[in-house]
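Chemist: As a plain string of letters, each chain reads:
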Amino acid sequence: DAGVIQSPRHEVTEMGQEVTLRCKPISGHDYLFWYRQTMMRGLELLIYFNNNVPIDDSGMPEDRFSAKMPNASFSTLKIQPSEPRDSAVYFCASTRGLAVSDTQYFGPGTRLTVL
Amino acid sequence: GNSVTQMEGPVTLSEEAFLTINCTYTATGYPSLFWYVQYPGEGLQLLLKATKADDKGSNKGFEATYRKETTSFHLEKGSVQVSDSAVYFCALSGGGKLIFGQGTELSVKP
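Those protein sequence lines, which keep their order, are chains F and L.
Here the working numbering is used: the first residue of the first sequence is 6, the next is one more, and so on.
Here the working numbering is used: the first residue of the second sequence is 87, the next is one more, and so on.
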């Protein structure tokens with residue numbers, strides 16, 4: 006299995022621009038998570054989906070952030086407009102279920118820099 | 087609410103030294119506990135887990151025991167290698183969501 010795939014690996018953009026991060030979960034995994042990692046706040050859960058439906062978006066920082074999962078093999082996290090404080094590493098993770106025996110598998114992350 | 091506290095890093099050790107990274111948690115109920123490892127430039131990988139009190143998780147020479155009485159899940163390894171240099175995250179599972187500690191950077195020198 007290829008694992009969780011994220012693109013791009015690095016993104017540099019200017020303040021005010023729209024940014025779209027992409028994720029392909031592991032086939033057969035019903036849950037998909039988006040996390041943000043910063044030095045100040047550590048790893049934060051932004052949103053997660055079950056069977057393509059958003060279940061909990063309480064971690065999404067503000068309306069500039071939106072996430073979609075149009076099908077079981079693709080999800081996007083969009084920031085519009087982007088701000089310098091959005092600079093972080095964004096991880097996508099997927100898992101088969103929420104039982105204790107189920108492991109979350111993480112992608113390599115997208116390092117976002119907003120100038 | 088649920089939270090995880092880890093010892094601050096960076097931790098610098100010589101090869102073959104003994105490693106302990108402290109982790110304590112606050113949670114309602116009986117969460118599962120995890121250690122994840124993040125190598126430079128990569129995503130997080132599950133290192134080990136424990137699902138109930140007194141369980142010991144182990145993998146690649148690392149161990150951690152779920153201590154309910156002290157609400158702790160300290161990570162240990164008897165003899166570290168240079169290849170163990172990474173950031174280690176303690177986490178708990180609450181309602182299906184993972185809550186992570188701040189991470190502890192480990193640097194092992196030859």
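No lab work stands behind these hints, which were simulated from the structure alone.
Among the clues, some could well be false.
Cut-off 27 Å, straight-line C-alpha distance, at most; resulting in silico cross-link-like pairs (DSS-like, lysine-lysine) [to be verified]:
| hint | chain 1 | residue 1 | chain 2 | residue 2 |
| --- | --- | --- | --- | --- |
| 1 | F | K73 | L | K183 |
| 2 | L | K138 | L | K195 |
| 3 | L | K163 | L | K138 |
| 4 | L | K195 | L | K163 |
| 5 | L | K183 | L | K154 |
| 6 | L | K195 | L | K146 |
| 7 | L | K154 | L | K195 |
| 8 | F | K83 | L | K183 |
| 9 | F | K29 | L | K183 |
Using C-beta positions, here's what the derived DEER-type ranges look like [to be verified]:
| hint | chain 1 | residue 1 | chain 2 | residue 2 | range |
| --- | --- | --- | --- | --- | --- |
| 10 | F | R46 | L | V168 | 41 to 49 Å |
| 11 | L | Y116 | F | G21 | 40 to 48 Å |
| 12 | F | Q22 | L | S165 | 17 to 25 Å |
The beta carbon of each residue, even a glycine, is placed where N, CA and C say it ideally should be.
Chemist: If a hint holds in the structure, say so; if it does not, say that too.
Modeler: Now for the hints, and whether the structure bears them out:
1. A distance of roughly 19 Å separates the Cα atoms of K73 (chain F) and K183 (chain L); the hinted pair therefore holds under the 27 Å criterion.
2. A C-alpha spacing of about 35 Å is found between K138 (chain L) and K195 (chain L), which places the hinted pair above 27 Å, so the restraint is violated.
3. Taking the CA atoms of K163 (chain L) and K138 (chain L), the gap is near 21 Å; set against the 27 Å cutoff, the hint holds.
4. For a cut-off of 27 Å, the pair hint linking K195 (chain L) to K163 (chain L) stands: about 15 Å separates their Cα positions.
5. Among the hinted pairs, K183 (chain L) with K154 (chain L) is consistent with the structure: their alpha-carbon atoms are about 20 Å apart, no more than 27 Å.
6. Between K195 (chain L) and K146 (chain L), the direct Cα distance comes to roughly 19 Å. Compliance with the 27 Å bound is thereby established for this hinted pair.
7. A threshold of 27 Å between alpha carbons decides the hint, and for K154 (chain L) with K195 (chain L) the separation of about 34 Å lies outside it, so the pair is violated.
8. Between the alpha carbons of K83 (chain F) and K183 (chain L) the distance comes to roughly 22 Å, so the proposed pair stays at or under 27 Å and holds.
9. This hinted pair checks out: K29 (chain F) and K183 (chain L) have alpha carbons roughly 20 Å apart, not beyond 27 Å.
10. Checked against the given bound of 41 to 49 Å, the beta carbons of R46 (chain F) and V168 (chain L), roughly 30 Å apart, lie outside it.
11. The hint said 40 to 48 Å for the Cβ distance between Y116 (chain L) and G21 (chain F), and at roughly 47 Å that hint holds.
12. Range check, Q22 (chain F) to S165 (chain L): Cβ separation about 49 Å, and the 17 to 25 Å hint is violated.
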